[in-house]
Amino acid sequence: MATAATVNINAPALARPFGRTLAIYVKEIKFEFLTRLRLRAFSLSTIGFPVMFYVLFGLVLNGKEASVNGTHFATYLIATYGTFGVMGASLFGTAAGLATERGLGWLQVKRASPMPPFAYFTAKVVMSMIFSTAVVLLLFALGVTFGGVHLPALEAAKLLAILIVGSLPFCAMGLAIGYFAGPTSAAPVINLFYLPLSFCSGLWVPLMFLPKLLRNFAHVLPPYHLAQLALGVVDAGQPESAWTHWEFLIGFTLICLGLARVGFQRDEGKTYG
Amino acid sequence: MLATMPEIQELHDVRSHSPRTVVAQLRQVSKTFGEVQALRNLDFSVRAGELLALLGPNGAGKTTAVKLFLGLMRPTAGTVNVFGGNPIHAEVRTRIGAMLQVAKVPETLKVREHIDLFSSYYPRPLPQAETLAIAGLQEIKDRPFGELSGGQKQRVLFALALCGDPDLLFLDEPTVGLDVEARRLLWEQIRKLVERGKTILLTTHYLEEADALADRVAVINRGEVIAEGTPSEIKAKTCGRRIRCMSSLDIDTVRAFPGVAEVRRDRDSYEIRVADAEPVLRELLLRDSTVRGIEVVGAGLEEAFLALTQNGNGSSEPQISGRQ
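Keeping their order, the protein sequence lines are chains V and A.
Quick note, in numbering that gives the first Met the number 0, the first sequence goes up one by one and the last residue is 272.
Quick note, in numbering that gives the first Met the number 0, the second sequence goes up one by one and the last residue is 323.
Only chain A is shown next, with the shape it has when bound in the complex (with noise of 0.2 Å):
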């Protein structure tokens, strides 16, 4: 107890945001279902006023990370601590909300009325307006929550986890299943709860959405995280372009070129994988004057992401070196 003391007495001073302040933590946490391993030794820590994704393909592993921060889940190795203590513990819960995947919530209720019962379990709730607000849900605060749409309703079980002005966010999948209007629409009421100085833990499997929104990214894949570091950081990792192109030079040829890391042949085209595309690209020109259907794609995260959960599929793919 005394040993833990200066730590907690540093997680309790999140408001006053020191910036690199730990406000969750697992450390060395393994979980297992059966014969299962849904997590191996996973060791992250959420910092406060950060937004950070916890990026992985399905069955990654996020949604188990996210039930032991919000201690629905027991670890079957290893520590989890949220505000200096168990998040099975209530007092800790009134500083945590959570968007969870939910594949029915009662359709009667209205949605101020769900907030209204959700604002309730805490002690120190927002008004109800500016949930309302915050979400975006003024306009159906009276329809009952079984008539919205796919995403008024991922809204509705935003504005619950809100509701009880927490400092820190769990938000597993948020936009999974939206179509872009309201995926975009919801980034903008996530950016807006990051303004407001809170912490967040987002899982996604959208690459795109890792970039949009977030302050740091961790890579999961098979129960590990396997990349760690600002979006920029995870790109830079990679090779961060993709060349496609139609080309009569000789693959070998292409592969010599500097700065080629993968070469590719694709149908009848070439896909060049660069770290910069305008050496390589000059490189094309000069050498083939019948090169054509140039297309350069890529900077994103997707390439990154791809780059990084191949590992160790026997792919060809460059090999990053991920935290261990």
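With the rest of the complex left out, here is chain V (with noise of 0.2 Å):
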């Protein structure tokens, strides 16, 4: 009959405590997250853009009172910088990091120690979420603050949640190209999406002051539905039906998410297959 250590050494899973498991996914993520903290080049930028274009359109160049629609115009900005921002820092958060490490060999060397595979696209989803927590909570600080914005707690929270839980679509988004594109193209295939999805989803100027072709586009465009369900807390979003939106975004997810896959068996087929 088999021993117990032959049976173990054949066993398809290893058998590691769960504890052990979670400590595994808290350092991953805790050394992910500083690592791209202490790269000013993402840290900086991920979090500048987005505050430096609210504080130029939101607060500079439109006065307090200026308002879109009937909704106060740096209420509604921090609704689409939000989204802006949320995007940046998923699709750089996990796309830059995923090229370069897959092309550069480090991948491998982690792929060769017993690190669960998962961990590793855990830390970078989590790790993006916390730049996006940052990025939002700062444009609301900044917009009651200068903005003479009103955004009562429950909202506040509302409003952080959906963007928060809206970046996964991006995430997934950021694994995909992080998978097709290399460790120098990456960052600018990101910008290529990025930029103008961002203009189109009317992120930075609002839909209402876009032509009518773009504004009709914009319904395909992912950041636009996240956009709307942003501005719907503020009561400033299209009439549409939040579901939609929602639908909208889960089914780009599931896109996104069978595409970095095929990236990532077409990845295994040539390095480890």
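Treat the hints with care, since some could be wrong.
As the list claims (entries may be wrong) - Straight-line Cα separation of at most 25 Å, DSS-like style, residue types lysine-lysine; simulated pairs:
#, chain 1, residue 1, chain 2, residue 2
1, V, K29, A, K140
2, A, K152, V, K29
3, A, K152, A, K140
To be verified - Just a sample of chain A residues kept apart from chain V, beta carbon distances all over 10 Å, derived:
#, residue
4, V179
5, E187
6, V193
As the list claims (entries may be wrong) - What follows is a set of in silico ranges between Cβ atoms, one per label pair, in the way DEER data are often shown:
#, chain 1, residue 1, chain 2, residue 2, range
7, V, T132, A, T78, 25 to 35 Å
8, A, R183, V, R37, 27 to 37 Å
9, A, N85, V, L103, 25 to 35 Å
None of these hints come from the bench; they were simulated from the model.
The C-beta atom is built at its ideal place from N, Cα and C for all residues, glycine as well.
Fit the two chains together into the complex; they arrive one by one in their own frames, and the hints show the way.
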């Protein structure tokens, strides 16, 4: 009969106590966060760009009383620049690191270790979410302090929650890009999606100021749907059902995860297959 | 399953070190990348407690062999066996450490943070202080990876391979690109691991390195093992010495000396490959009173290696019958 040791060595899954697995996830997230936080090119631009745009367009160029379709302008822009910021943190947080580490050998070093592979991806997503949270909270603080924004705690919490949950589709998109872009092409490829998508979804300039053609086109863009959900919290969204937006975002997430999976398997085939 | 059981139990005895126990094995392994055949019917084993050097030129298939052992690639044909299991399984990986060639490591993490993270992957890691001590990193444990020198970076990667206290380590070209001093320092550390009873597979194209560290050398070229043995056995398989001299003697006369394997004219000198230098030198001095500039080089793995890897290149090097 097989001894316990023999059985153990052939077992398909590692019998790691839950506590230790959890500890690995926590460490993986912590060090992923520290890596990115200390990488100024990442941390400063991820937080800096949306905040800078918001200060410029929401606080400096428009008066405190400016409004758009009856919604206070500085409040409206918290929702759209919040979406912009969350999208940036998610895309750059997942895609840039993955493309570099995949392309330059670091991922292989980690794959050769007994690291649970899922911990690696989880760390990237959670790290992105931490940066997303920082961006949104900073926008709240700026808006309330300098923009005359009235945001009750419950509304603020709801807006934050929607933006963070809504960052998942862009994390998935980032993983897909990370699997198809190379170490040097990742950043340009991300921007190629990020900037046009943001503009056409009305994240920079409210949609009603855009030509009709673009306004219609926005309906097929994922950031538009997240922005509408965020605007819904401050009663400035288009008169559309929130479910339509969620359904669109869920569908988009699944497509991106599917693409990421194709990339993952292609990678396994090339490197591991 | 039942058929492989005795082997598995034998493999499980690593810690009680029966010296010939095979801990990792490639059996009839071939690996092709598109049109390129990286490995052909490769057969070799790593035994408990030894340091096996996989020696070969660039592109010989060394890294491919290591990646197969690590489960980072699957063989096109043949089987890979590590501790009686498949290396893609995490529980096999907890007994393995790997140092791979990597172009970029996250630079903003500190040395101790990298070690802290990798240690957490293993069930019984070494205390961090011990890992730092073995790899000689105590002084720089708080430095970000990006600020380290080449030798220090390699030592960090080495520390990541050993921090989980694995039984078996794969070191893929550990000293590539290092200066002499950094290389010798890493050698010292690798020897420390061998003293602790670890089994190590090291790949290198530095012949000196295999000679200095290995218990056993497998010479690999174009995806095939062409010779295998202790460093001295490998050397013995070839003509061990090379004599250079300037002589007025006719090349055929020199070629006819006993013990001469090959003579080549190199500008105004002869280059003579011999098994033993002394009889040939005596003969030279006896026959030619004007012989000068005598130089005896050799006993290095270099000669053996050149002779072995030049097989089949249409050269007139002594033909070594490799393991087929």
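Query - Unmet hints by their number, sorted upward, for this structure - result: 7
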